[in-house]
Each structure stands twice: as C-alpha cells, then as structure tokens.
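There are 2 protein chains.
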Amino acid sequence: MATKIMSAKTIEGILQKTKIASRIVAVLPETKKNSILRTIAGELIKNTGLIIKHNKLDLTCAKANHLTPAMIDRLMLNAERIKSIAESINDIISLPDPVGTVTEHWRRPNGITISRVHIPLGVICMIYESRPNVTIDAAALCLKSGNAVLLRGGSEAFNSNLILSKIVGSALERCGIPKAAVTYIPSTGREVIYRLLKMNKYIDVVIPRGSKAMVESIISSSTIPVLAHGSGNCHVYIDSSADIPMALKIAYNAKVQRPGVCNAAEKLLVHKRIAGKFLPLIAEQYKTAGVKLRGCRDTARIIKLDQPATEQDWPEEYLGLTIAIKVVPDIDSAIEHINKYSSAHTECIVTKNRKAAEKFLARVDSSCVLHNASTRLHDGGVFGLGAEVGISTQKLHARGTMGIKELTSLKYVVKGNGQIRE
Amino acid sequence: MATKIMSAKTIEGILQKTKIASRIVAVLPETKKNSILRTIAGELIKNTGLIIKHNKLDLTCAKANHLTPAMIDRLMLNAERIKSIAESINDIISLPDPVGTVTEHWRRPNGITISRVHIPLGVICMIYESRPNVTIDAAALCLKSGNAVLLRGGSEAFNSNLILSKIVGSALERCGIPKAAVTYIPSTGREVIYRLLKMNKYIDVVIPRGSKAMVESIISSSTIPVLAHGSGNCHVYIDSSADIPMALKIAYNAKVQRPGVCNAAEKLLVHKRIAGKFLPLIAEQYKTAGVKLRGCRDTARIIKLDQPATEQDWPEEYLGLTIAIKVVPDIDSAIEHINKYSSAHTECIVTKNRKAAEKFLARVDSSCVLHNASTRLHDGGVFGLGAEVGISTQKLHARGTMGIKELTSLKYVVKGNGQIRE
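Heads up: the protein sequence lines correspond to chains A and B, in order. The letter at position 322 of the first sequence is residue 310 when you use the numbering used here, and the numbering goes up by one with no holes. The letter at position 71 of the second sequence is residue 59 when you use the numbering used here, and the numbering goes up by one with no holes.
Copies of the same chain look alike in the list, so a pair counts if it works inside one copy or between any two.
Heads up, simulated DSS-like pairs for lysine-lysine below, C-alpha to C-alpha not over 27 Å straight-line:
(1) K186 - K200
(2) K34 - K167
(3) K7 - K328
(4) K393 - K403
(5) K(-3) - K200
(6) K5 - K186
Note that these hints are calculated values from the structure, not bench results. Note that the coordinates shown come from a computational prediction; the quantities given were computed from them, not determined experimentally.
Given the sequences, and given the hints that come with them, work out the whole structure.
This is the structure in structure tokens:
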C-alpha cells in the first residue's frame, strides 16, 4: 500500500477536472445516466477476477495488520458480493431521476413565474471507511443525481477502491463522459483530507461516513458544508399501554437482529406501569441472545442486571450486544430523556394508545420516529429509496436516510417579459 | 456601549434556557404563534417612544465614530420605520405555518407508512450587522416557523437591538412563553461569537448576514452547520436575439435602481452580434446615472470606458455605481464566464430566443436564474415569501431567498403494527 503525499497543486489539478466534469454530468438526460450505470454494472461483472485479485492485496495487508475477523469480512469481495454490488446499481437505475423536477411553481402579481427546480449539488466529496461497496454505491448515486464525486475510502480498502473506481472510470470513458466525474483520491495520507476540506472553490458538499471521531474531526476541519452521517444512540420506549407480544418482538429485533449498525437500539425505556410484567420477559430473551443488561435502580429491582447503568451509559452508542434500560414514570419523562441523550437518529414507541403515539412522534426531535415498528427499519432500502448515501442526524438539508433526492439542491427559475424592480 | 465579556459558563447557561424554550415553541399551534406575533407587533407600536430613545444612543455613538451618513441612515429608527417593522410582522402572520406539513407520504410492502413532515430547525443563531429591523424580522420568522433564536447584531446597533429584543421578550412572557425563545446575546465582544460557533449541543443552525469577510470568518470558525447569506456578483447577459428596449430596461434597473444590495448587477455580458447596437445606448443611460464603466478590449472598441476591466474585476462585487462589461462570442462563453466568476447568487438572460433561454436557465449554476426579468426581483418579498432571512448562495438546505419554510427541516414519521427487520 503506497502512501503518496499530494501537493496542494496536484490536488487542485485533480479538482479542476472534476469540477469541469460536474458541469457535463449535471445536464445529462436520464436515459444517458442510466446507460452509463448499466455500463458500469456490466464492467464490474466482466472484471470480477481482476477485482478479487486487487481485493486480495487488501486482505493480505489486513491480516498482517491483525484486523478483527469481522473487519476482514467487511473488506472481502467475492464473485457473489460483486454481483450484488452490480445489482444494487440496477436498483438505482430504476429510481426516478430527481434532476429537473419542479417542486413548486407560482405566478406573482407582476406577471413573473417562479419555479423551484431540483438540480445536482455539483461536486460531492465522499470520505468513508471500510466496505469497498460504498465506492460503487456512492458513484452510482452521485451519477444518477447528476453529480460528480470525489471518493476517499479507508486505507484498509485502498487497492479494492482503486480498482473499482478505475473500472467506473473506463466505463465512463466508453460512454463519452470524462472519467474525472468519478475520481478516487489516490493517497492514503491524512493530510490530503484536510487539504480537500478547504477546497470550497471546487467541492460543494462533503459527506463523511465512518466513526463518530472521524465525522467530528471532518466537521470541525471543513470549510465546505458537511452532510454528516451521524452515530445512532437509538431508543425503544415501551408505553404503559403497549401490546406486550409486539413490544417483545420490536425490542428484541431492534437490539439483536444486527447490533453493530447505527439504527440498532441502544436504550430501552419502559413505563413503570408495565415494567413489572415486560422486563422479566424481555430480559430472558436478551440473555438467551447474549445481550448484556445494564439498567437504572428501578430496573435492578425487577430483573438481574450485568451491571448498573451510570450517567455515562445514557449518551453512549455500544454498537454491540449491550443495552441499558430505564424505567420511566410517564411518557413525558421518556420524551425528555430521549431529547436529552439521544443522537437524534431513530426512536420508537410501542403503544396501543394513539394519543400517546402522536405525542411521541411530534415531540421526539430525531431524524426518524416510529410507532409500533422496529428502529432497524430506518434504512434507504427498506424505505424504498434504493441505496442510501448515509443517515444524517443533523438538521440542515437532509435528516435521516439520504437517497438520490438528498443529493440535489433547488434553484429558483424565473421567467418574465421585461419585469423590473420598481 | 458596554462591552461585556461573557464566560463559557454564562453563555452555556443562556443557551440551556433557549434550548428548553425551543422545545416549547416547536409544538405551538399556528393560532398561538400568530397571537404571539400580534402581541409583539402591538408592543412595538406602544413602545415607539422608548425605542426611539434607545436608538438615539446608537445614533450619537455612530456620529461620534464618524460613520457615513448612509450607515447612520440604516441605523436610524423613527415612528414611521417602527410602524413598518410592526407591519412586516403582520405579513408573517398571514403566511401559512410550514410546521407539520407533510411533503411526501407512502406505504411500503411490509405495511409501514412513511411521512416526511416539516419540523422546526430548533435553535437558530442569527449573526448580523447594521439595520436593527433584522432583530424583529428574524425573531418573527423564527417564531412563526417554531424555532427559538439567538440574536447577535452589530455593535453599532447594540442599544436598539437590546430594547427591541426586550420588547419581544416581555410580549412572549405576556403570552405565557419563556422569553428565552428569543434571546439577544448582550455582549459586543467578538470572542462571544467564536464561543457560540462551537456550541453544537445547543445550536442547530447559524445564519450569518453581513459582509463577505464576516460570513467567511463564521464559516471557517463554526462547527455548527451554517446557512450563509452570500455576496452577489450578479450578471446580466444580453443575448444576440434580445429585444433592445427590454434589454436596456433590465440592464439599467439591475445596476442602478439600488446599487448597494446583493442582487444588483455587477457585470454585463453582451453577445458580439448585438454589442455594436446595444452598448452605446446602455452606456449613455449608465453615464447619466453616474455609473462608472469598465470593460474588456472589445467593449473599449465600441464605447468609451472609465477604465479597462482586469482579471480582478470579474469576481468582484462592487456594491456601488460601477459595472464591468464583457463582449462574448456566444451564449456558451457567457455561461462559462458566469459559472467561473459568479458568486452563484442571481443571473439574468435577456433574449427572445426560447431555446437560448432554456439553455441559460438550465446550465447557469446559480441560486436564481431569470429570463427577461431584472436580477433585482430575486427577493423574499417580491417572490411572495414575506420577509426573508437572507439569500443563500450555497447549495445545502436552501439556495436563494430563504423564507420560513427554509427555517424548517424534515423528519421521517413511520407508523406500523409490529413490523421488524427480517
């Protein structure tokens, strides 16, 4: 794995080409964009052997660096996974093109008409870690939404990312589009990232996708607007009038089905009137699944905990088989607790009481709130958006799962016949 | 004018109260928000004498500091101006409440329904300069959109801003709402701003409105997402098939009607086939209005310039009676020039050729593009949005004039009956 140091001038040269390419992809018709995507999908399948060969270099390196088996598994590409990456491109092809869509149109007393039209963001810089499929997902989502993209993946996937982006580049060229429209930054050094984050002239948006520390470091260094994929300290609240079998199903699924991801539940809040009945049942299921239980004093009076929950637990994202439980006196306390400690990602209420549900859905200030459904459902694929660029936990531009529409902006288009300001 | 130094702890204490207040205003019904706004408008009129008295302190200070007559005029409040500020609140009352509006609603194969619902941003921090009416406009727009707001105006309007925000605060209290929902930061020191810009825990969005240097300094210091009101290097392009009387009317209005504002034209691009006819006519009108003319070599061959235009002219915003003119060989060169040098604010094409217009409107990458209408029309009031928070020249969240809808975000609201992730 070569660590190249790139000068500011070299980076600027790359970015200039990407900026020029962005003007070209911005105005491509949908049919052309889809045919580019089809070409990319075809080239990926055709080059399966080559991709696996380059991926092996990363795997060898990963083993030498003693990465965990889970991390190595995330890195690994085989024929089946490459086929599934190519298939995800087909999903993106089938999505409607947001570019050019008019969201509002009105006429003013002076006779001008005003439209708000979806346009591409321009040049998107994706900074991500780990799984090489993000390289293709990001390229496909950006192209479908008319954007050029700068890709900078983690050093552990350097060779895989590089060959994948080269394949995309040659597919673009075969379609008569400058390959700079999808540019992989071929440097594993950190300082290239910090240089990129000041290049406001060439980059419209930065999308970081990785650990909390990585995202925070990018937010604090960037002078370019950032669409941050945040961490998920997600809550499930079991209301006093919850259906207990449904509550068990949702609380179990939200924690156990895939505990290492951002939309898995990390906290369980239980109304005191149902805690005596519900907690022993869910505790048994959690223990069978190997979930470590932490909890407040009231919880400890009802079930046996692995350890008490401390103030440090409430804002924490475990990303593993641990959950912290709190018994709350009422729904207002549950809402207050969530708004205080949550990372504003995804929260769920289980209740048969419609009024309680409406209160929770309105007052919990998170990117996605669910009534009687698992937090694990907050996902671009499940929501029908195709692949997702990430899940935003901030409030500007996009909240929650981000699909191709979130990779566009709006422009005012005004038509008149000589109107001036009087 | 007192410069108070505020400790981080003092600031955090203020922000905690504003955050709590934001939860309250976020869920107020529209009728309640309108009655608060009516109370504020009434209190402003009732306290006209008091406001003028405090405003005089700023005016005295401004004269002592030798501010220009134009700047002093911008600061000055009299009974008529206070009445007009109160009336602008009535305009905001009449706007529909965006909060709770559902923009999309769909059902998935697993039976869940998904809605995207407009919600307030939360706590907005407005940092602005000069005119004290911004204090009331910002407070009213933020309240109508369910947001709490931290206000930090320029030191030159310190006393005026403070009394205006006190009047808002007492109106809020009379309506049973914590006055912290509209909080003026009572310090004129700069370092309080830099402390605020790191308070991600309490502030959701920063909106700077002021000079280019001020906005850039805030963007580079803030760890909180910024909605930047940018500068305007706006272009008028006169196409070969423009209607000459209309072109004269628009080019004149865009430059002369109010040259000191961001949507005034700074550059005039003229197609070479019409330059010989058009330039002498507009030059005569501009000269009569006192506009200084700069231009490229081709322009200098047709009309007499005050000075040649250099490379420094093309990206510059004069904010005064100066314009730089360039003769271009075709529409593509005009588009390329604009996309290279413009600040992406507002650009206009004058042409009778519909195809040329469509090309310009689609390819010019600015927040507002106009066909046969003056750049001066890009304005929240003219567009019918009521007052505006500013005009954004970035691409995330909002582009162009920003009204109350741009002070909201979207939240996914999911309803199910026990759905989990399989």
